[in-house]
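Engineer: Sequence order for the protein chains is A and B. Residue 647 is where the first sequence starts when you use this note's numbering, and the numbers rise one by one after that. Residue 703 is where the second sequence starts when you use this note's numbering, and the numbers rise one by one after that.
Keep in mind the hints are simulated off the structure, nothing from the lab. Built from N, CA and C at the ideal position, the CB exists for glycine as well. A couple of the hints might just be wrong.
[Claimed, not checked] With the Cβ distance kept under 7 Å, some of the chain A side facing chain B (calculated, not the full set):
1. G692
2. V711
3. L715
4. L744
5. T747
For reference, the chains in residue letters:
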Amino acid sequence: MDKATSGSLVRSHCVGTTAVVYASDYRNKLTGEKIERECRRQLDCGCRALVIDFSDTKLVNSIGVSILLGIIDVAEKSGARIVFSEVNNQTVQLFEMLGLTRHVALAKDEREALHTISGFETSPTVN
Amino acid sequence: MEPSTQKLVHTFGALADLGQEIAGRGDFTEMVRTSMHLLLGTLALRRGAVVECVADDKLQCVAIWGLEPQILTHFAIQQSDKDHFLTGELSDFLIGSATTPDTFAGRYGERLRQEGIELVLPMIVREEVTGLVLLGGKASGEEFSSDDFETIRAMVRHIGVGIYTHRLLEQVAQRAEENRRIYEELRGIYRATVRAFAAAIDIKDKYTQGHSERVGKYSEIIAREMGWNEDEVEGIQIAGYLHDIGKLVVDRDIINAPYNINAKESSQLSRHPSAGYEILAPINHPYADIPLMAKYHHERLDGRGYPDGLVDEQIPLGAKIVSLADSFDAMTTDRPYRRRRSFEDVVSDLRENSGKQFDAKVVAAFARAILKEVNGVTKERRITKMLGKDYLEGENVPTLLSDLITDLSHKEAQKAQIN
C-alpha cells in the first residue's frame, strides 16, 4: 500500500513495511535532519526497512554524510534494513571511500531497492 | 578520480564550508550543529557531540548527533583534566589509550566506550580549554590515521574559535545593553532633575507657574514640526525647561512686581539670560547648545533683543524656537496686571512680529503644529491641554492659522527673492 506523507517537506511513501524516503538536496543541513526525523518516524510507525532515494541528489557533502550516518544508526538500532537507491557514480565512490557501503546496500533504482529488501525479508536468519 | 584525491576534495570542501559557517552571522546553535556535522561527515564518524565548559566544571551540550544528550550528565571536567588536555598529544585522547584514572578519558573511559565514543578532544582557545568534542569511530571501521588527526585538529580548532568568538560577542552585546540601560537611567535622572529645576524656577515667580514646563513642551512641538531628530527634540525641550534658570539670581520682588518695574530693576531682570548661560555652561549636558539657547532666548531678529543684540542669522535656531515658545506662553497666560490675549490677537502679533522678533519659519512651523491639532490630524491634544479646552475652540481658528501660514510663506518667498 502506498502512502504519501503530507504536511512535511520530506517526500516519502510506504510500500508494505518499507518506507521510501527521498533525499533531495543534502547540502541544506535542516533538510538533512528532517530526513533523519522522517526515517525515525517511519520506523516508529512500524516500518521494517528503509529505502533512501537519491534520484534528485546531485551531490552529497560532509553534512549529508553525517546525516546519513545518523539514519544508518537509527535503522541499525531498530533492526531495520537500509538500501540507498539511484546514487550517482561520484557519490557511490564517496560512500565507498568513507565506508558507508559497509552498512547499506546500493540499488540501481527504487524498484531494485524494494526487490533487495524483499530478498532480505525472505532470507533465512543466520545466527 | 583517485580515492586519495577524492578524499582531499571532500575534506577541503568541508573545511571551506566550516570556515564559511563559523564566519557567518547566523544562529549560534545552527552554526555549531552544522560545524559538528561537517566534522563528522568529513571522516564519516558515526556519532559525536560538541560540549562547552561552563561554571563549576560542568559540561553543557551545544550539539549532539547519534548520542543521547543524557549521557553528558555523567561527565564533569576537573582542572587536572584541563591541564592534561593542554599538554597532551591528540593520540593521548583516544579512549583506549588512557593509562591513568586521573584524566578525563581514564575516569570515564568505560562509559564513553559503551556509548561508542572513541576520541575526546579539547577545544583550546588562548591556552584555555573552552569545551570538548566527543567523537565516535569511523564508519569504515578503520582506526584514525595521522592525517585524520590533523584534519580533526584543524576542524576542532575552528569550531572552538567559532564558539569562543560567539560567546565573546554575546558578552559584548550584553555589556552594551547594560551600558545602554544605565545611560537611559542617567538620562531619565537628568530629565527629572531638569524638570525639578524648571519647577523651582517657576515657583520663584508666583504668576508664571508651569511656564518653564510649557515652554519646554512648545519648543519640543515646534522642533518636531521642523523635522528635528529625536535627540535634538529632547535637547530643545530641556532648553525650554531651563531657559529661565537665570531668574534664580534675580530678586524675587522684581520678578513678582505687580507694577511696571523701573530701569534699574529692568536691568537686573535683563541679566537673567546671561546668568542662565553662566549657570548652564559648566554642566556637561547630553544635548548640544542648551546654554546658548538659554542665553539668546530674548534676542530678536531685528537686533533689538538682549543680552548681545544679535541679528537673524547670528541667533541659533534653537534660541529662536525657545524665544517663540516663551513669548507665546507669555501671551496666552494670565499675568497679575493683564488677562491673557485672545487667540486672534496672538496670531496678529505673531504675523506682525515675524521677521522682526520671531523667525517666520519657526512661527509657520508652530502654526502648522497647532492647525494639525485643531484639525484632529494630531491625536494627542497637547497644545489644547496647555492652553485650556476653550481657547482653540473658535470657528475662525483654522482659518486664522491657515492664513498665517500662507502669509508667512509669501513673506519667506519675498525674503528669498531679495537675498
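Engineer: Take the hints in turn and mark each one as holding or not.
Structural biologist: Results for each hint:
1. G692: 23 Å, violated
2. V711: 4 Å, holds
3. L715: 5 Å, holds
4. L744: With a minimum Cβ separation of about 4 Å from chain B (threshold 7 Å), the hint on L744(A) holds.
5. T747: Where the cut-off is 7 Å and the nearest Cβ of chain B is about 9 Å from T747(A), the hint is violated.
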